[in-house]
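Engineer: Here is how the chains run, residue by residue.
Number of protein chains: 2
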Amino acid sequence: MANKAITSRDVDFAKWYTDVVKAAHLADYSNVKGCTVFEPNGYAIWEKIMQELDKMFKKTGHKNVYMPVLIPENLMKKEGELINGFAPEVAWVTIGGQKELEEKMCIRPTSETLFSDYYASKVKSYRDLPLKYNQWCNVMRWEKETRPFLRSREFLWQEGHTVHSTSEEAEKETRDMLEVYKTFFEKFLAIPVITGRKTDKEKFAGAEYTLTVESLMYNGVALQSGTSHYFGQKFSKAYNIEFLNKDNKLEYAYQTSWGVTTRMIGALIMVHSDDDGLVLPPNIAPNQVVIIPIGDSDEVNKLTNDVYNKLYDSNISVYIDDSDKSPGFKFAEAEVNGIPVRIEIGSRDLEKGIITITRRDTKEKLEVSKNVDIVKYVKDLMSTIQNDMYNRAKTRRDSMTYEAHSLNEVENIMNKQPGFIKAMWCGSEECELKMKEIRGTKSRCILENAKPIDSKCAICGKDAKDLVVWGIQY
Amino acid sequence: MANKAITSRDVDFAKWYTDVVKAAHLADYSNVKGCTVFEPNGYAIWEKIMQELDKMFKKTGHKNVYMPVLIPENLMKKEGELINGFAPEVAWVTIGGQKELEEKMCIRPTSETLFSDYYASKVKSYRDLPLKYNQWCNVMRWEKETRPFLRSREFLWQEGHTVHSTSEEAEKETRDMLEVYKTFFEKFLAIPVITGRKTDKEKFAGAEYTLTVESLMYNGVALQSGTSHYFGQKFSKAYNIEFLNKDNKLEYAYQTSWGVTTRMIGALIMVHSDDDGLVLPPNIAPNQVVIIPIGDSDEVNKLTNDVYNKLYDSNISVYIDDSDKSPGFKFAEAEVNGIPVRIEIGSRDLEKGIITITRRDTKEKLEVSKNVDIVKYVKDLMSTIQNDMYNRAKTRRDSMTYEAHSLNEVENIMNKQPGFIKAMWCGSEECELKMKEIRGTKSRCILENAKPIDSKCAICGKDAKDLVVWGIQY
Numbered sequence: 000m001a002n003k004a005i006t007s008r009d010v011d012f013a014k015w016y017t018d019v020v021k022a023a024h025l026a027d028y029s030n031v032k033g034c035t036v037f038e039p040n041g042y043a044i045w046e047k048i049m050q051e052l053d054k055m056f057k058k059t060g061h062k063n064v065y066m067p068v069l070i071p072e073n074l075m076k077k078e079g080e081l082i083n084g085f086a087p088e089v090a091w092v093t094i095g096g097q098k099e100l101e102e103k104m105c106i107r108p109t110s111e112t113l114f115s116d117y118y119a120s121k122v123k124s125y126r127d128l129p130l131k132y133n134q135w136c137n138v139m140r141w142e143k144e145t146r147p148f149l150r151s152r153e154f155l156w157q158e159g160h161t162v163h164s165t166s167e168e169a170e171k172e173t174r175d176m177l178e179v180y181k182t183f184f185e186k187f188l189a190i191p192v193i194t195g196r197k198t199d200k201e202k203f204a205g206a207e208y209t210l211t212v213e214s215l216m217y218n219g220v221a222l223q224s225g226t227s228h229y230f231g232q233k234f235s236k237a238y239n240i241e242f243l244n245k246d247n248k249l250e251y252a253y254q255t256s257w258g259v260t261t262r263m264i265g266a267l268i269m270v271h272s273d274d275d276g277l278v279l280p281p282n283i284a285p286n287q288v289v290i291i292p293i294g295d296s297d298e299v300n301k302l303t304n305d306v307y308n309k310l311y312d313s314n315i316s317v318y319i320d321d322s323d324k325s326p327g328f329k330f331a332e333a334e335v336n337g338i339p340v341r342i343e344i345g346s347r348d349l350e351k352g353i354i355t356i357t358r359r360d361t362k363e364k365l366e367v368s369k370n371v372d373i374v375k376y377v378k379d380l381m382s383t384i385q386n387d388m389y390n391r392a393k394t395r396r397d398s399m400t401y402e403a404h405s406l407n408e409v410e411n412i413m414n415k416q417p418g419f420i421k422a423m424w425c426g427s428e429e430c431e432l433k434m435k436e437i438r439g440t441k442s443r444c445i446l447e448n449a450k451p452i453d454s455k456c457a458i459c460g461k462d463a464k465d466l467v468v469w470g471i472q473y
Numbered sequence: 000m001a002n003k004a005i006t007s008r009d010v011d012f013a014k015w016y017t018d019v020v021k022a023a024h025l026a027d028y029s030n031v032k033g034c035t036v037f038e039p040n041g042y043a044i045w046e047k048i049m050q051e052l053d054k055m056f057k058k059t060g061h062k063n064v065y066m067p068v069l070i071p072e073n074l075m076k077k078e079g080e081l082i083n084g085f086a087p088e089v090a091w092v093t094i095g096g097q098k099e100l101e102e103k104m105c106i107r108p109t110s111e112t113l114f115s116d117y118y119a120s121k122v123k124s125y126r127d128l129p130l131k132y133n134q135w136c137n138v139m140r141w142e143k144e145t146r147p148f149l150r151s152r153e154f155l156w157q158e159g160h161t162v163h164s165t166s167e168e169a170e171k172e173t174r175d176m177l178e179v180y181k182t183f184f185e186k187f188l189a190i191p192v193i194t195g196r197k198t199d200k201e202k203f204a205g206a207e208y209t210l211t212v213e214s215l216m217y218n219g220v221a222l223q224s225g226t227s228h229y230f231g232q233k234f235s236k237a238y239n240i241e242f243l244n245k246d247n248k249l250e251y252a253y254q255t256s257w258g259v260t261t262r263m264i265g266a267l268i269m270v271h272s273d274d275d276g277l278v279l280p281p282n283i284a285p286n287q288v289v290i291i292p293i294g295d296s297d298e299v300n301k302l303t304n305d306v307y308n309k310l311y312d313s314n315i316s317v318y319i320d321d322s323d324k325s326p327g328f329k330f331a332e333a334e335v336n337g338i339p340v341r342i343e344i345g346s347r348d349l350e351k352g353i354i355t356i357t358r359r360d361t362k363e364k365l366e367v368s369k370n371v372d373i374v375k376y377v378k379d380l381m382s383t384i385q386n387d388m389y390n391r392a393k394t395r396r397d398s399m400t401y402e403a404h405s406l407n408e409v410e411n412i413m414n415k416q417p418g419f420i421k422a423m424w425c426g427s428e429e430c431e432l433k434m435k436e437i438r439g440t441k442s443r444c445i446l447e448n449a450k451p452i453d454s455k456c457a458i459c460g461k462d463a464k465d466l467v468v469w470g471i472q473y
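Chains as they are written, first to last, in numbering that gives the first Met the number 0: chain A, 0 to 473; chain B, 0 to 473.
Next up, chain A with everything else stripped away, as it sits in the complex (with noise of 0.2 Å):
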């Protein structure tokens, strides 16, 4: 019996998609127009999505800062790529204080500039380096359309901003990075992820070149989940960041930044929910673990208090709903929530000596001692579910990734089930082109290091260069 609210994913997945994120209380559409709402359910998972990501960062020797929301149009002008990238879709401050401003100043649409002006302010010598700092803060595009955590105006993210004195240390970093994001992804939320390098047509304005982390949603769309970028000495020179090296010469500075955003929620949506609501990998739920008691005898009661304590000391995320709903209700409720978990503790379940645990993924009932090791009993649960998420995820990713040796190969896949398709490229912009004539197909990433499957690029038949994942994308 599915949610009456939803739309069914394999009806259409557009409505599936806002049906869930309404459902499930993750988000709203506000009177401000092309911005989101994040609601508390929304927000929680994006709370615990920052504690996780913020600690594996801080192990890898990363430090918070924070630098101001609005960039002066000069100092945005500096380094002419990324505001020739940027500029369709800034919001700008022109009146501030009831005064005409002498210069506008935009919204930070990522905040490369700032860091980099501050930077050279600090930069002097070897021994200042690296200084890895990152922020986690609101940015602005003016996006025409609006899709709750996928594309919106205003959106949520970490902006990693580091600075090297040698080319091989920032490059190490630009990758070491990629991986952080790639473990967090499969470790955490369940999802298995591509990596490699974006072409040049697709690369970050002002990066020598950028690394992705790609994922493949339920329907075969694929999402930029993540991006880690090589500036090399571009940014350095624009804003003159020079140290005095080991030589003691000048030099201009290496470096990178990465980040993630609050699309993530909607990659969470889309790779691991169902026509019930939100299913969440325990690792990233906010509530693991919801308890129902059912009845009102003193066993019940004692055992609903009992469970609680043990699994809330163990560190486990849970919560009693003892509101006045009827058990079905509250059953409905923990389903299109995504509570990984459902204990329901009841008379009648007592008296045969059981109670009963549902998992949310596969809604398979167990019936469970009720003198069960709970802690453990809940934990290698979890453990199990985190393990089958990802593992059904990967399957049907798997499922869903091609291989084409010709553009019209390409058509048909595309045309009867989207998803990731590996072919030979030549390394064109022009063969880039004709593949996004193909319901907006577009390279993904270069796999790096990856065997051939053909000698030749599958769009012009030319001599090809590099084995690249396509895909029709958000």
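Just so you know, the hints here were simulated from the structure itself, not pulled from any lab data. Any given hint could be a false lead.
A pair counts as met if it fits within one copy or between any two copies, since identical chains are not told apart.
DSS-like, lysine-lysine: derived pairs with alpha carbons at most 25 Å apart [claimed, not checked]: (1) LYS32 to LYS236; (2) LYS301 to LYS58; (3) LYS131 to LYS329; (4) LYS123 to LYS32; (5) LYS62 to LYS329; (6) LYS324 to LYS57; (7) LYS123 to LYS77; (8) LYS58 to LYS47; (9) LYS62 to LYS47.
Mind docking chain B on chain A? Use the hints.
Structural biologist: Just chain B now, kept in the frame of chain A:
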């Protein structure tokens, strides 16, 4: 031997303040006029503040959300007093995506408008109430001068916004949150506060009344440190937040809001710090303990690691400074950065069977057996430091809290050594304005249920209504 980069606070308090901010790498001016950069040491304090306050908010039933950063002009205008209060100091976005906007939008100076607009769409029945939401975010007010943490165009804060079905419940919330702030200031920041009600002149635009937490800096200047507002039905009428009450009748809802800001970091500096730099209470210090090994013997290294592991495993925030710098340099750095406890482990001390532990607040050096139960010792010491810091701040605050019965007395006090002045007030704005002529002295708050110290207003001599605390403000 005071830090040479820091002006003495008794010589030039304002200069001392900015010197400490710079020397401890808390913040820096940026090339964005009126905005500051929160550097790692400063932002880490904010992270710790967020962490601890957030726990208190959640424990009292609040949930975090995130509202858009932009507010359309017409939404802002709905509540007349609010727009009148903030219009002179907002930043307006007039261009988005290269197009002139049809309606300009301001960067939030505060979010009553957006929360009210959201609540209007969600609240239908008394069963939906209360909704108790909070958000951590950046806000912008177009200030003219900038002082790191105290006054800048952009700052970070939390704003709680709640909506209730009865005025009693909303008023209780207003007072409860004031109590949370008071507890936080005393328990974590080691800063004593006076609580009370703002006069009508000083209350928040749009509030029925404003409760406030007021603290006194080392130099006797007062700082408004946190406010909690009761709105009654003012916003619900303007934004149409109506619900069906228990009698099945439509009623306007009752609201509150409350907030504290990064200004608290300024208070920490100005209450506790000294001519050697930052002094932080252990309960809010991002790094509570630094271990400095001196020499490189096996015994030094073994004990250093041993002490580190024991403290770390007991959830004490500790780090080892094993950099190439000289011990003297490391001591000075730990001092200027305000690390509450410094543990020196050196070969010569170890021969005598001791290690040296130094308190940052008093600079007292303690010789401690190398076999001490280090976890217990450090925990006890931190608790002593925390209490001592609070008591010293309270003694100083009390010594600068005066009573006055006439304008003349007020003038004498404020010209000699400013501080908090308790004086009776008739309730007229005229008298407040007269008081302001004395070095800008303003009412800090009305002490509620306080025993009168006189029957007449200290300013005009007419019948007094309230006992008021006055001060020169930041």
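Engineer: Confirm or reject each hint.
Structural biologist: The hints, checked one at a time:
no. : hint             : in the structure
1   : LYS32 to LYS236  : between (38 Å within a copy, 23 Å between copies)
2   : LYS301 to LYS58  : between (41 Å within a copy, 23 Å between copies)
3   : LYS131 to LYS329 : between (46 Å within a copy, 21 Å between copies)
4   : LYS123 to LYS32  : between (45 Å within a copy, 24 Å between copies)
5   : LYS62 to LYS329  : between (42 Å within a copy, 20 Å between copies)
6   : LYS324 to LYS57  : between (43 Å within a copy, 23 Å between copies)
7   : LYS123 to LYS77  : within (21 Å within a copy, 52 Å between copies)
8   : LYS58 to LYS47   : both (17 Å within a copy, 17 Å between copies)
9   : LYS62 to LYS47   : both (19 Å within a copy, 13 Å between copies)
In summary, the structure agrees with every hint in the numbered list given earlier.
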